[in-house]
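Engineer: Protein chains in written order, with our numbering: chain G, 173 to 471; chain R, 424 to 883; chain E, 3 to 323.
Don't read these hints as lab results, they were simulated from the structure. Heads up, a few of these hints could be off.
Straight line, CA to CA, 27 Å or less: simulated DSSO-like cross-link-like pairs of lysine-lysine [what the hints assert, rightly or not]:
| id | chain 1 | residue 1 | chain 2 | residue 2 |
| --- | --- | --- | --- | --- |
| 1 | R | Lys661 | E | Lys214 |
| 2 | G | Lys203 | G | Lys270 |
| 3 | R | Lys875 | E | Lys71 |
| 4 | R | Lys821 | G | Lys299 |
| 5 | R | Lys619 | R | Lys555 |
| 6 | R | Lys425 | R | Lys661 |
| 7 | G | Lys445 | G | Lys345 |
| 8 | G | Lys345 | R | Lys821 |
| 9 | R | Lys821 | E | Lys72 |
| 10 | R | Lys608 | R | Lys639 |
| 11 | G | Lys453 | G | Lys467 |
| 12 | E | Lys323 | R | Lys830 |
| 13 | G | Lys299 | R | Lys830 |
| 14 | E | Lys22 | R | Lys661 |
| 15 | G | Lys402 | G | Lys422 |
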Amino acid sequence: MNSTLILTIVILAGLGLILALLLYFVAQKFKVEEDPRVGKVEECLPGANCGGCGFAGCHDFAVTSCAAPDLSRHYCPVGGDPVMQQVAAILGYKVEAKAPQVAVVRCNGTCTARPRTNTYQGVQSCKAKAWLYAGDTACQFGCLGCGDCVAACKFGALSMDPQTGLPVVDQEKCTACGACTGACPKNLIELRAKGPRGMRMVVVCRNQDKGPVAKKACANACIGCGLCVKTCTHDAIVLENNLAYIDFTKCKLCRECEAVCPAGSIIGVNFPKPLDKEAVKARIAARKAAAAAVKEESK
Amino acid sequence: MKKITFSIGGVHPNDCKLAADRPIEVLPIPETLYVSMAQHLGAPAKPVVSVGDKVKTGQVIAEPGGFISAFVHSPASGTVKSIAPRADLAGRMVPHIEIAVEGDEWAEGIDTSDALIAEIPEDRAMMLERIKNCGVVGLGGATFPTHVKLNPAPGSPAAEALLINGAECEPFLTSDYRLMLESPKPILIGASIMQKILGGPKCYICIEDNKPQAIKVMGEALEELGFSNMVVQPLLKKYPQGGEKQLIQAVMRREVGSGALPISVGAVVQNVSTAFAVYEAVQKNKPLITNVLTVTGDCLPVEKQHNYRFRIGMPLSYIASYAGGIPTEAAKIVSGGPMMGRAIANIEAAAVKGSSSLLYLKESTTRRWTESACIRCGRCSEACPMGLEPFLLNRLYKGGLTDELEKNAVQDCIECGCCLYSCPAGIPLLDNVRQAKLQVMGIIRARAAAAKAAAGQANK
Amino acid sequence: MAESYIVSGNPHWHAPVSTKRLMLDVIIALCPAVIVSFLYYGWSEILVMAESIAFCVLLEWAITRFLMKKPSTIGDLSAVVTGMLLAMNLPSGISWWIVLIGAVVSIGVAKMTFGGLGQNIFNPAITGRVFLLVSFPAQMTTWPVPSGFIHNVDAFSGATLLQQVKILGAADADALVSLQTLFTNIGGSAGEISAIALLAGWLYLVCRRVIKPWITLSIFATVACVAAVFHAVNPELYTGALFNLLTGGVVLGACFMATDYVTSPMSTWGGVVFGFGIGFILMMIRYFGSYPEGMSFAILLMNMAVPLINMAFHQKKYGRK
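Next comes chain G alone, as it looks inside the complex (with noise of 0.2 Å):
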């Protein structure tokens, strides 16, 4: 009974020896040999795996740019300068600071705004819908509705707003990795800079239709009157195929365009006060004045 008991104990101890060994010697012969700033540069990243940098997640990104001379082609969007600071301090390299940015839904064909001439069965995917046709409305670059966007977006940023049917960002949330952008077959979200406190202008609409056309498909629709592009002052705004769109490098918050956009397709965000429409025309016009009178007076 006991020599049965203590053999017993002899051979499992015995076994779990030599498998022990035999894997350390298995680790030892298939070891791969790593530089050691990658595992350094891999945990300040966010491991979020969300290839917003271009490159197959956090551990490709820490592999590349220890290889790389630079830090030219390497950013994390979703850590942003902080992160960067940290991975060049690893490296001993230098990167300039970025602006944070924020992913922008430039459609606001809201359920009320663009009447539906069809509706969509099958697979809920936009992907799919457009390559079916193009819209359960009469504005073929609108937004599909069917939350490509929201199903890439690994933040949990974006959602659906079931009164609109369509996409909201989450500000605090949003990384700025660029998924949704890619995700979007009409191609209507776009990273632009936060800006100061969040303030930002965006012309929310992508209809590149003539003016009459647009306007029917979309009550919110741009119908490229070019009244934005006159009024700017800072050169900010280009009229392009029927539509206007703001140069976020240029603009510089005035919400002139905002106020004489006769289509409302123009809105500016997180400003503190809401905009005084007429003040803003006042401002405009007693502009034009002056510029009248020095033209005049220079005859």
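For this one, chain G is given, so just place chains R and E on it according to the hints.
Structural biologist: Below, chains R and E without anything else, positioned relative to chain G:
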């Protein structure tokens, strides 16, 4: 003759040929026509007229925009009112030439008589040229330019068989059937012309056995014309028999390799209405500006169903209202059959060369089922005529495994719809498989382009 | 004219075959066997059947509703089928709490833990039966004397033919079975009592194209071949082909359990291999195992091999080698 069919997969939907006994009527021309520049597969055509020009019926109004492209002709005489983007049936903006119709005066050199010209010219190049100049495209669904298909690239194998596709395996559609009944001889002469162009392969007129009348009429016409190297080949009814690859397999017992063209196994497939268009082009110099379209559906009484000969550029809404309006029960309007047709998102869209039907489907017929769990019954793989496993492809697509998708031949999918049609759980298989296919095709193309670029680099 | 028309990808209609319809067909196919066992065992059989179905459906409803927080899936009738199959494996007159345990194992453990219909690896009804057989061997193998409306049974109270083999020896047991057995009856649980009723149901399923016949035929063929070979070698030790085909759960298992979509291979040849595996394991258990019957174990073992079989056998692809 023994009835044959293809051996892999296939389904047997109810054929619903409700408009089969309705003769072809000619539609009157409306006041305005909108001619799309994307009437065919390949590059859109380029307009050669400008606003204000007077055009005659059959006059060229747009020329090919590339190698795979086709001429477009004016469907009526009148004035070019505008050249502007207009929404097609999917609601996408496509350039259209708008013509204010003033009459139906044909351009010179076109034989508009009804006389049958049975004698076939000898000059092969002339015939090809006419087919090209008359803008003939494949009318079986793909609208691939016919002159390109009839003139295989140098180095490809010789054509051994010309298959004239009169299978019309899609339920509801009867336009090919009516054409076979009403113009059997022009179809056969057109087939004979193509035979001659291809260097004399054996020609099979393939008709499914649910159309015994067509088999009989075509057989009699063939006897009267006395073409020797041509037979009427009856087929067992099975969908998708009219698919190019399936038809070749059924008749020739050969399989076209993945990504290869039918000519690689010595086959050329042309639809019966294409054969008719070839006859008109070669024998009468008549450009392709008309085709036959079926107005049908499960919510239309038979007396309201029609087969119409329409002119390209007629708004579908005009055809619908001429036929008696869209029935109130219609929940979906399809251009084409219920298996492979395209849902119409914009009824104001203009008819194109390849339009084959206005199909009204009831809500109860066309409604997609609520998706439930896959019960692994294997019906989708049993139905797939390409021998794929849609349930597996669906799963791989959801997992984003593109390598596995390619290994499982997702790029071979012909989008026939058999998988979704037969899935008891109502899983949107084809919706996902199609996306997977597009994704994998993109990867394959990118790889080929990269290889080509690398080869170019090496040569330098 | 409607305001907005539906747009979707092709195809634009659907074959009139839904999961629910398929399950309904299986229920219809099981009815002859249920009726026959009702005629033999009377109302007690119907009671067990009703209990089993009710427990299975209620459990599935409760699990989807309260644990998985998903819309209920009882509408697809698969729980009813599981309930019926479970009941057909139980002796009539068995206590309700044993039926409940069987339902818990079938639905709760074998089906819903894997995610519900379509996700399970093992056939739920067989898992339930095997659990009960191992846990309550006495209750599970006590067959009541037929007390229904037909009394021409060569009643084996307490032991089935297969158990007779272990008691009487192969040769004597063999003599008890002839082709007539097919039409009269075999003692045992509801699912075992009438081979002809089960085969009629199976034929209905095959004709309706609900299932393909290959798995079933492969099992029958394997059982017959293995038994014939062994019987030829030593008829004193090994029972013959006919005996093995008509006794125990072979017919029920081959017709209704092994052909379950979820737990069987998809391809035809995969099905043939699956059937061969079941038949072979079954005969090995019968001849050399300590249990008199092994159909359930054979099916469960082969269920495990299904993913492998599916990997090995693919459809012939068009234009590819």
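Engineer: Run through the hints listed earlier and report the numbers of any the structure violates, in increasing order.
Structural biologist: 2 and 3
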